[in-house]
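From first to last, the protein sequence lines stand for chains A and B. Counting with my numbering, you get residues 77 to 425 for the letters of the first sequence. Counting with my numbering, you get residues 77 to 425 for the letters of the second sequence.
Simulated from the structure, these hints should not be mistaken for lab results. The reader is advised that the hints may include incorrect statements.
For identical chains, the list gives no copy identity; a pair is met inside one copy or between any two copies.
When the alpha-carbon atoms are kept at most 25 Å apart in a straight line, the in silico SDA-like pairs for lysine to any residue are as follows [claimed, not checked]:
| hint | residue 1 | residue 2 |
| --- | --- | --- |
| 1 | K318 | V248 |
| 2 | K339 | E168 |
| 3 | K83 | I175 |
| 4 | K88 | L299 |
| 5 | K339 | Q171 |
| 6 | K318 | K365 |
There are 2 protein chains.
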Amino acid sequence: MELTDRKKQILKVVVEEYVRTAEPVGSKAIAARMGGAVSSATIRNELADLAELGYLEQPHTSAGRVPSPRGYRLYVNELMERQKLSLSETEEINQALRIKMEELDRVISQAGRAVSAFVNYPAYVTAAGRRSAAVRRFELLPVDGESCIAVVMLDHGRVKSQLLRAQLPVEVEQFPVLVNLLNSHFTGAPAGELNQRLMQVAGQIPPPLFLLLSQTVGYACDLLEEAGRREIVTAGAKELLKLPEFRDADKAHELMSFLTDRKESLPMPEDEGPMKILIGPENVSDALKDTSVVIASYDIGQDMRGLIGVVGPTRMDYATVAARLSGFADALTRMFGTHTLLPKEEPKE
Amino acid sequence: MELTDRKKQILKVVVEEYVRTAEPVGSKAIAARMGGAVSSATIRNELADLAELGYLEQPHTSAGRVPSPRGYRLYVNELMERQKLSLSETEEINQALRIKMEELDRVISQAGRAVSAFVNYPAYVTAAGRRSAAVRRFELLPVDGESCIAVVMLDHGRVKSQLLRAQLPVEVEQFPVLVNLLNSHFTGAPAGELNQRLMQVAGQIPPPLFLLLSQTVGYACDLLEEAGRREIVTAGAKELLKLPEFRDADKAHELMSFLTDRKESLPMPEDEGPMKILIGPENVSDALKDTSVVIASYDIGQDMRGLIGVVGPTRMDYATVAARLSGFADALTRMFGTHTLLPKEEPKE
DNA sequence: GTTAGCACTCAGGGAAAGCGAGTGCTAAAC
DNA sequence: GTTTAGCACTCGCTTTCCCTGAGTGCTAAC
Chain A
77 MELTDRKKQI
87 LKVVVEEYVR
97 TAEPVGSKAI
107 AARMGGAVSS
117 ATIRNELADL
127 AELGYLEQPH
137 TSAGRVPSPR
147 GYRLYVNELM
157 ERQKLSLSET
167 EEINQALRIK
177 MEELDRVISQ
187 AGRAVSAFVN
197 YPAYVTAAGR
207 RSAAVRRFEL
217 LPVDGESCIA
227 VVMLDHGRVK
237 SQLLRAQLPV
247 EVEQFPVLVN
257 LLNSHFTGAP
267 AGELNQRLMQ
277 VAGQIPPPLF
287 LLLSQTVGYA
297 CDLLEEAGRR
307 EIVTAGAKEL
317 LKLPEFRDAD
327 KAHELMSFLT
337 DRKESLPMPE
347 DEGPMKILIG
357 PENVSDALKD
367 TSVVIASYDI
377 GQDMRGLIGV
387 VGPTRMDYAT
397 VAARLSGFAD
407 ALTRMFGTHT
417 LLPKEEPKE
Chain B
77 MELTDRKKQI
87 LKVVVEEYVR
97 TAEPVGSKAI
107 AARMGGAVSS
117 ATIRNELADL
127 AELGYLEQPH
137 TSAGRVPSPR
147 GYRLYVNELM
157 ERQKLSLSET
167 EEINQALRIK
177 MEELDRVISQ
187 AGRAVSAFVN
197 YPAYVTAAGR
207 RSAAVRRFEL
217 LPVDGESCIA
227 VVMLDHGRVK
237 SQLLRAQLPV
247 EVEQFPVLVN
257 LLNSHFTGAP
267 AGELNQRLMQ
277 VAGQIPPPLF
287 LLLSQTVGYA
297 CDLLEEAGRR
307 EIVTAGAKEL
317 LKLPEFRDAD
327 KAHELMSFLT
337 DRKESLPMPE
347 DEGPMKILIG
357 PENVSDALKD
367 TSVVIASYDI
377 GQDMRGLIGV
387 VGPTRMDYAT
397 VAARLSGFAD
407 ALTRMFGTHT
417 LLPKEEPKE
């Protein structure tokens with residue numbers, strides 16, 4: 077038995093109708109939506125074939141048909157019409173991203189909320205460097221005899237600073253020495269190596285200075301580690317409650333717990349494709365076995381990359397979600413391209 | 077009719093039993109829990125009195141009794157036994173707060189999650205200054221001819237920095253001039269005044285410098301505004317789904333939306349008392365009319381103050397929540413007292 | 001290959017019945 | 001006056017049963 081064009085057409089109608097109503101779709105309804113060209117009896121024959129081929133399922137004998145994961149997959153791969161965003165939708169995205177680009181974390185969490193509100197499903201957002209970061213430059217600003225501000229400049233122009241307190245007094249003249257030492261020995265190296273280098277210079281400088289030094293390096297290590305660790309922000313878990321498949325509080329609770337407490341297990345594809353759709357059992361995590369995830373990637377500067385994902389029931393409006401999500405990803409890429417949050421790395425390096 | 081000791085005792089049992097089981101409490105159960113000193117018939121008479129006095133309600137004729145908000149209030153004010161935290165609970169709190177004290181925001185959001193997990197209800201956390209903040213000191217670190225790092229030191233030793241790009245080249249020798257200007261004209265003032273001062277010096281310095289100056293001041297304004305604005309973090313909304321009163325998805329959704337989208341309306345008492353309990357209709361927001369909120373405050377340094385709140389059904393285990401919450405608040409206060417995140421303000425000022 | 005017709009299936013909804021926890025009242029006991 | 005046993009009554013909840021109707025699968029005719 078082969079998959080004729082008409083069968084595909086019917087599958088498409090079933091998916092779209094089921095997505096809309098969340099109710100199994102009957103032969104009559106399909107015949108109606110196909111313009112009455114064929115009768116419901118014909119449709120029934122076709123439906124039986126589609127079920128046998130594994131594209132449709134039947135909740136029980138006397139109910140309509142529901143797409144199987146395989147059916148959704150075919151729909152997504154071949155049948156789905158690529159939607160374009162309307163002008164007002166594009167405007168909505170831009171509006172949502174019209175935020176002060178302060179820290180990356182904030183942008184990401186704001187983006188998460190916005191995406192979720194935009195697609196009406198829970199969403200998650202991440203950003204991670206493609207290679208490990210390193211300190212580009214150190215600076216120390218004396219505050220008083222016992223404390224100073226450590227300024228650490230990372231790649232991509234990210235700057236962080238913190239107040240340090242040396243327990244022992246340090247001469248102001250010593251600071252340039254320390255800064256020199258920091259910049260000559262502790263720049264350009266990955267976090268793991270910094271502590272080794274610290275050990276190497278341990279004996280060569282007086283204790284008060286070393287204390288400050290190690291505090292600064294420790295701070296830098298923290299920053300690098302934090303920059304390397306990808307932070308995952310989830311938003312809009314509450315959207316689940318609007319869906320009929322999650323009216324059951326236990327089910328909703330389970331997935332929400334997953335979204336908030338085990339974010340790390342959310343799918344984070346490494347490959348570079350612009351968009352990925354995981355349907356039901358295609359998901360690795362058990363908790364996502366009967367949900368679908370749509371993931372788009374966006375660029376942050378040259379070598380950082382982020383993901384936006386949307387989690388929903390397998391009965392998801394893939395066409396709309398895909399369109400909106402990729403619109404969002406594009407907007408983010410554009411925004412990071414033009415904005416000053418992460419200026420281009422200096423060429424002279 | 078007066079409120080005898082025995083009536084109070086019965087009310088206490090009703091509250092505690094109802095909190096435990098979420099089911100209306102019957103006369104027999106009460107008699108049993110009071111050691112069989114009186115019969116259920118006697119209890120019934122007392123229950124009728126308590127209902128008439130407004131401390132109890134009856135969902136329907138043939139059901140047991142349920143505390144009214146007034147009943148809970150009496151319980152909280154007079155009847156509730158102040159619980160002490162067990163050693164393991166104290167340890168659990170300390171464990172949860174054993175985090176790197178990086179930025180205030182992170183500490184707060186981590187604390188929110190921890191509190192929520194600890195009491196099994198949604199929680200929220202805030203921090204706000206008691207008076208408006210001001211910049212204590214500026215510093216500019218040249219990076220190359222066109223950009224520099226602005227370091228802004230606020231009260232309480234909070235330091236923030238950002239990379240600025242002047243569109244026009246600036247001589248390195250000019251930076252100390254600029255820093256002087258910044259420190260002499262733009263420190264100690266509230267955010268609102270900074271822009272006025274910027275106008276005053278506008279004509280007196282060359283454009284490239286002024287550009288950098290205004291960027292720096294703008295950055296400082298943002299920081300001050302951000303520091304003044306109290307950020308509210310909510311966590312653990314999903315805990316609601318475990319409660320029988322929120323098995324209804326719509327109800328849960330409504331409260332969750334409130335918790336995530338209209339946080340600002342959560343109760344934030346101004347008065348200094350260490351703990352506040354709002355029961356059902358005592359809440360101002362409609363969305364909280366049949367929930368209760370328990371709020372504790374903690375100190376951050378000398379003149380910042382934070383709140384932790386817990387939101388739950390009126391049928392809340394007030395004794396335990398109150399004990400755990402105040403334990404948490406104490407732990408936070410202690411932590412901020414000893415930690416270096418916000419060192420004491422220098423006395424010489 | 002398509003269609004009309006028809007018997008069959010089965011979830012969902014509503015009515016009816018039974019159950020049981022709990023009440024309120026009365027009258028007797030303390 | 002307070003407490004208690006006894007008893008009739010109430011009423012939400014659960015179960016059962018029946019009915020309805022949407023939808024199917026099959027067969028036979030087109």
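Go through the copies and call it for K88 and L299: within, between, both or neither, with a Cα cutoff of 25 Å. For K88 and L299, neither the intra-copy (50 Å) nor the inter-copy (53 Å) Cα distance is at most 25 Å.
Alpha-carbon proximity between K339 and Q171, which holds within one copy, between copies, both or neither at 25 Å: between (27 Å within a copy, 21 Å between copies)
Up to 25 Å between alpha-carbons, please classify K339 paired with E168: within, between, both or neither. between (27 Å within a copy, 23 Å between copies)
For this session: Give the relationship of K318 and V248 under a CA distance limit of 25 Å: within one copy only, between copies only, both, or neither.
Result: The answer is neither: 62 Å in one copy and 59 Å across copies each exceed 25 Å.
Should K318 paired with K365 be assigned to within, between, both, or neither, using CA atoms and 25 Å as the limit?
-> both (19 Å within a copy, 22 Å between copies)
task: Give the relationship of K83 and I175 under a CA distance limit of 25 Å: within one copy only, between copies only, both, or neither.
output: For K83 and I175, the Cα distance exceeds 25 Å both inside one copy (47 Å) and across copies (58 Å).
Of the numbered hints listed earlier, those contradicted by the structure are 1, 3 and 4.
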